[in-house]
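Between the sequences and the hints, there should be enough to build the whole structure, so can you do that?
Quick mapping for you: the protein sequence lines, in order, are chains S and H.
No gaps in the numbering here: position 116 of the first sequence is 374 in the working numbering, and each next residue is one more.
No gaps in the numbering here: position 161 of the second sequence is 267 in the working numbering, and each next residue is one more.
Don't read these hints as lab results, they were simulated from the structure.
Treat the hints loosely; a few may be bogus.
Within a straight-line C-alpha distance of at most 25 Å, the following computed BS3-like cross-link-like pairs (lysine-lysine) qualify [said to hold, decoys possible]:
1) K201(H) <-> K263(S)
2) K164(H) <-> K525(S)
3) K525(S) <-> K242(H)
4) K207(H) <-> K263(S)
5) K242(H) <-> K432(S)
6) K424(S) <-> K201(H)
7) K525(S) <-> K162(H)
8) K427(S) <-> K201(H)
9) K201(H) <-> K525(S)
10) K198(H) <-> K432(S)
11) K155(H) <-> K432(S)
12) K242(H) <-> K263(S)
13) K198(H) <-> K427(S)
14) K220(H) <-> K525(S)
15) K525(S) <-> K198(H)
16) K432(S) <-> K207(H)
17) K109(H) <-> K424(S)
18) K432(S) <-> K201(H)
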Amino acid sequence: MKSIKNHLSLVIALLSILFSIQVFLIVDRSINAYKENLANNYSVIAVSQKRLTNHNILSINKIISNAEELSPDSVIKRLNSDMQNKNIELLKLSLPKFYKITLSYYPSPKEIGKLTADLLRNSSITKVENFSSNHNTTYKLLLLFKSVVTIFALVVIIVTILLIFKELKIWQYKHNERMNIMGLFGAALWLRSAVLFRLAIVDALIASFLALCIFLYISSSPWVLQQFSYIGINIVIFNPLEDFAIILGVALSISVVLASLIVVGHKEEV
Amino acid sequence: MDKVIIAKDLSLSYSNSETIINKVNFSVDSGSFVFITGASGSGKSTLLKSLFGALKPKQGSLVVGGVELVGISCSKLNFLRRHIGIVFQDYKLVKEWSIDKNIMLPLIINGYVKSVAQSQVDKLLKHVRLNHQVGKYPLELSGGEQQRVAMARALAHNPVLILADEPTGNLDEYSSDLIWKLLEGANKQLNTTVIVVTHNIPQTLNVEYKHFHIEYGSIHEVN
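Right, dumping it as structure tokens:
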């Protein structure tokens, strides 16, 4: 019972850090997926006096992924009741060209500003509509959400590290006596600290496998999948290979650093 | 006769405190039995600590088993300690280990094969009359029994030197007698050098011994 309690204190602390990291990864992926969705639905309208080729427009800014000329037919349709076909053709030629420009990703307000300036630098383009007020609000909302989650994850990690340091003091007290006695009989440092490192590694493995089970369950939960489908994004919630490697790496690093701090801080007392 | 300990102008003190042992000179022959006595606080235990490198000499020279302890590296000190058996008044047993594992400790450190170590432990447990307590933990035993475990641990790897700090300080008569007999046996049969810090030299001891007395920071041999 006492031994389980000894393991639990570090396992729970490690688990909360691993949980924060994985939640942060999920939120980051969700935001990126959502930004991709937004980028697909977002476009800039440019008005040009002359016809521009796709190549002309793509060379203006790297962010532009495609440009499509808009047909003036819908505008003319409203006027054409009293006009002759010849006049309609003349009007079509004299009208400016409208281009719908789609982008490779959802840009920041700064990038939108630069794109607008780059487009207007072209002598043929007279007007650019970038729908900046709508775009900025969505972008800031995304940034705010990401910042809140990052801060929350950081706070959890800091509080947990403080808890781990407290645990470290208890470990130091518990292991000092045994390490001292082993030292009296000439045990090398690696042998004196072997039990400590074994314990730390076992706790890291337990915490990692618990995290693996929790996130495998979450990632296959119909309720969670439904929530993601509601907001129209499709992401990998938990990648059993990549994410588990990150989780295991973090847990082992923290535990080994913790054990090393105890070994470094150990002073022989007789 | 070979000297197992040679101290020249040896001074000892704890960090930033006054000198406890002041420029003492003494030597101990290999295979001898030595008592160090003195009043409480005279520096007997401090001197013993310096003999296994737990306290670094402040001044002078201290050679144990041919190894100079002034400026000794950790690896050399570990190597030296593997040839010393130590017994403390407070036993210093690892509480979370069974008594068998405690006795096995110096054997593991010295790289014994597990089966050989186990048979040595079984032999020692019989020797200290604790073979009926196999598998128990230190806190399940009486003080006298714990000290017998500590004694078995000190003898396990056949050390060339045994250092004992008040080994019978709080023990009943039966355990005290047994501890003295074990120390006597190690000295007589295995030619192990034994150094014991104590208040009282037992009258029943059947061995020739040397007696050093510590007073006011200096050490002198009592005839």
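Need the list of violated hint numbers for this structure, in ascending order.
3, 14 and 17
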